[in-house]
Amino acid sequence: MIGVLTEIQNDIVINKNVTIWTNVVICHNSEIGENCFIGPKALVGAYIHVGRNAFIGQASVLVSGKVDTVGVDSIIGAGSIVTRPIEANVIVAGNPARIIRKISN
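In short: position in the sequence shown from 1, add 1, done, that's this note's numbering.
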């Protein structure tokens, strides 16, 4: 599902079962993994790979040139400003986003 007023730029790969809410911007040369959720008003910068099962909260910003990966099964809290790569299985939040907790299986 892709919401209204969403901008998806060139050379984007969106895998299956992805939910992208309204007013989202996904910049060029990025990839969104399977089963991801991207909340309203989020910005995914250029050249970013979002791993499968990731959750990007409302109004979060993934900064181009600073972030290249959001790890598998990671959660980014609403309103977070992500300025570095996010490892797998973590919850991050804040400005700048920091690890709040590791997620155990």
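These are calculated hints, taken from the structure and not from any lab test. Don't be surprised by glycine CBs; every beta carbon is placed ideally from N, CA and C. Any given hint could turn out to be false.
[Stated by the list, open to error] Taking lysine-lysine pairs in the DSS-like style, the calculated list, with each CA pair at most 27 Å apart, reads:
(1) K103 with K67
(2) K17 with K42
(3) K17 with K103
(4) K67 with K42
(5) K103 with K42
[What the hints assert, rightly or not] Restraint ranges, calculated between C-beta atoms of paired labels, are given here:
(6) D12 with E35: 28 to 38 Å
(7) T20 with D69: 17 to 27 Å
(8) I101 with D12: 24 to 34 Å
(9) T84 with P41: 19 to 29 Å
(10) N36 with Q59: 12 to 22 Å
Hints, one by one, checked against the model:
no.: 1; hint: K103 with K67; in the structure: 21 Å, holds
no.: 2; hint: K17 with K42; in the structure: 21 Å, holds
no.: 3; hint: K17 with K103; in the structure: 26 Å, holds
no.: 4; hint: K67 with K42; in the structure: 20 Å, holds
no.: 5; hint: K103 with K42; in the structure: 26 Å, holds
no.: 6; hint: D12 with E35: 28 to 38 Å; in the structure: 19 Å, violated
no.: 7; hint: T20 with D69: 17 to 27 Å; in the structure: 23 Å, holds
no.: 8; hint: I101 with D12: 24 to 34 Å; in the structure: 32 Å, holds
no.: 9; hint: T84 with P41: 19 to 29 Å; in the structure: 21 Å, holds
no.: 10; hint: N36 with Q59: 12 to 22 Å; in the structure: 18 Å, holds
Checked against the numbered hints above, the structure breaks only hint 6 and satisfies the rest.
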